[in-house]
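*Asks:* Chain by chain, the residues:
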Amino acid sequence: MSGWTDHLGEFAEGVLNTVLLTVFSTLGAVLVALVITAFRICPVRPLRAFGTGYVELFQNIPLAVWLVLFVFGLPMVGISFELFPTAVLATALYMASYYAETLRSGINAVSSGQAEAARALGLGFGQSLRAVILPQALRTIIQPLGNVTIQLLMNTALAAAVGVVELTEATNRVNLVLAEPLPLYVGAGVCYAVLAMVISSGAGVLERKLVIPR
Amino acid sequence: MTASLRRRRLAALLTAVALGTVTACTSGGTAVPPAGGAGQEQSLLDRAPVASDADLAASPTAQAIKQRGQILIGSQLDTPLLSQQNPTTGQTEGFDAILGRLLAKYILGRPNVKIVNSTSQIREALLQNNTVDVVLHTYSITLPRAEKVSFAGPYFVSGPAIMARKGDSSITKPQDLKGKKVLAVTNSTGAALVQQYEPAQVITLGTNSECVTALEQGRADAYVNDLTQLAGNAQTNDKVQVNSGTFGQDPYGIGIHHGDETFKQFINDWLKKIQAAGLWQEAYKQTLGTVIPGDAPTPPATGFVPGS
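Protein chains in written order, with the UniProt record's numbering: chain A, 1 to 214; chain B, 1 to 308.
Keep in mind that the hints were calculated from the coordinates and are not lab data.
Cβ coordinates follow ideal geometry from the N, Cα and C atoms, glycine included.
Check before you lean on any hint, since a few could be wrong.
Pair by pair, the computed Cβ-Cβ distance ranges are [said to hold, decoys possible]: (1) B:T119 to A:V177: 24 to 32 Å; (2) A:V35 to B:L143: 58 to 66 Å; (3) A:L182 to B:R47: 48 to 56 Å.
Based on the sequences and whatever the hints tell you, model everything.
*Replies:* Set out below in C-alpha cells:
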C-alpha cells in the first residue's frame, strides 16, 4: 500500500467537498421545503396545486437525471453556473421534495385542535404556522429529518458523475493511480459512515432535548 | 389534477427530458461519410502487394485462408474513421477496414473480406476457437491479452490527444494544458496522464458524449481522450476539432491465434511492405488524417512493444 500518504490531500479535499455539498444542499433543501409545505397546507388552491406538483415532479425523476439536466440542459438555454453550485442546486431542489413530505407528515401529527385554537386566538395563517404548528411539527420529525439528511449525504456521491470532485470522485482518481480498489473504496465507505453517524447522533441529541412525548 | 392527467403530464415531461438528454449527447451529430471516395481506395488496392507462393508456403494459416477464398476479420461496424459501415453502400469504411482489405488482397489476390462482429468481450474467444482469422479493430496490445492471443504489429499507435472547440488552436501540445481547464472521461488513461501537465482543473465526466457537450458549452478549454475517439467526435460534430497528435502510447495490434508464429511473421512482413510502399500512410490520410492535423505519423515498427 505504498503511495497512500501521497494522496491524503486529495482525500481530504474530497471529504471537504462532500461536507460542503451536504451542508449547502441541506440548507437550501430545508428552505425550499418550508415554502413548499406551507403551500401544500395553505388555503389558496393554486398554491396547494403548485406544492403538490413540485413534490411529484422532483420525487418521480431520479437525482442523476436532474444533475445531467442542470449541468448540460441549462447551458442550452443560456444559463451556466460552475459545476459545484449547479450540483448544490440540483441536489437541494431534489431533496427539498423529501424534506417537504417529512415536514407534512409532522404537520399531520399536530392535532387539528391546535390549529383551531390558534385561529380562535385570532392568529392568521402565517402566524399560526410559525407560532403554533411548525414548532410542534418540527419537534415531532427530528429523527426522520436526520434520515433524509443522511440520504442527502449519500446522494452527493452522484455529483461525481457530473465532474464535482467529492469523496467518491476523489477515490476514483486515487484508484486510477494506485489501482487498489478494495482498500480505497472501503476507506471511502468508512468516511461516509462516519459522516452519517455525525448526522444521526446529532439528530439523536436534538431528539432527546426537543421531542414532544405524546 | 386527476391521476390520469398527472400521469400524462409526467409522461410528457419525461419525454422532454429524454429528448433533451439525447440532444445533449448528439448535438450537431449527423452521419458524415468519410472523406476520400471509393475511387481513392480503389487506386490504393490496385497498387497493393500480393504475397508470392514462397511467402504463402511459410504460413499454413495463410494457405488455409487462400484455399477458403475469403478472410474472416473480427471487427465492428460502428467506429467512425476506423471501421464504420456505410448504410447506403454496405461497405465498411475507415483505417482498420482498409488495412483489412489490403491484407485480404495480400493473401487472396483480391479484397474478399468477411467482417465478423467482435466486441471487446469476445475477441479472445473468437480467436481461440478459430471463428475469425484475425482481429483487426483497435485491439490494444497488453501483456495479459498476449497470454491468450498473439499480436502481429503494432500497426498503429494511438494514445491521448487534445480536442478543442472549432477554431480554437491555442492548445496544440500537452504543455499548453498548463493552467487550463481540461475535460476527461472518468477513469480513463487520459484523465490520469493529464495531471502531470499542471492543468488548473481536470473535470471528469462519465462518457465521451458528455465531455464533448461540456466542451461545446464552454465548461473547459480542452478535452483529452484517445486520438481515435476524438477523431470520431470531430467527424460527427462540426463544433469541435482535434488539435494534436498523440502524447502517450496505446499500440493497436492484429490479434491472431495464440502461438501462430509463422502467421505473425507473415503479417509483420506484409505490414513492412505496405509501410515501405507508402500505402499505410495513404490509408491513414484517407481516414484518420482527414480530421487529425499534420502529416501521417511514422508507422510503428513491428514488434516494438511487449506482447507483440
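*Asks:* Each of the hints needs a verdict: does it hold here or not?
*Replies:* Here's how the hints hold up against the structure:
no.: 1; hint: B:T119 to A:V177: 24 to 32 Å; verdict: 28 Å, holds
no.: 2; hint: A:V35 to B:L143: 58 to 66 Å; verdict: 60 Å, holds
no.: 3; hint: A:L182 to B:R47: 48 to 56 Å; verdict: 55 Å, holds
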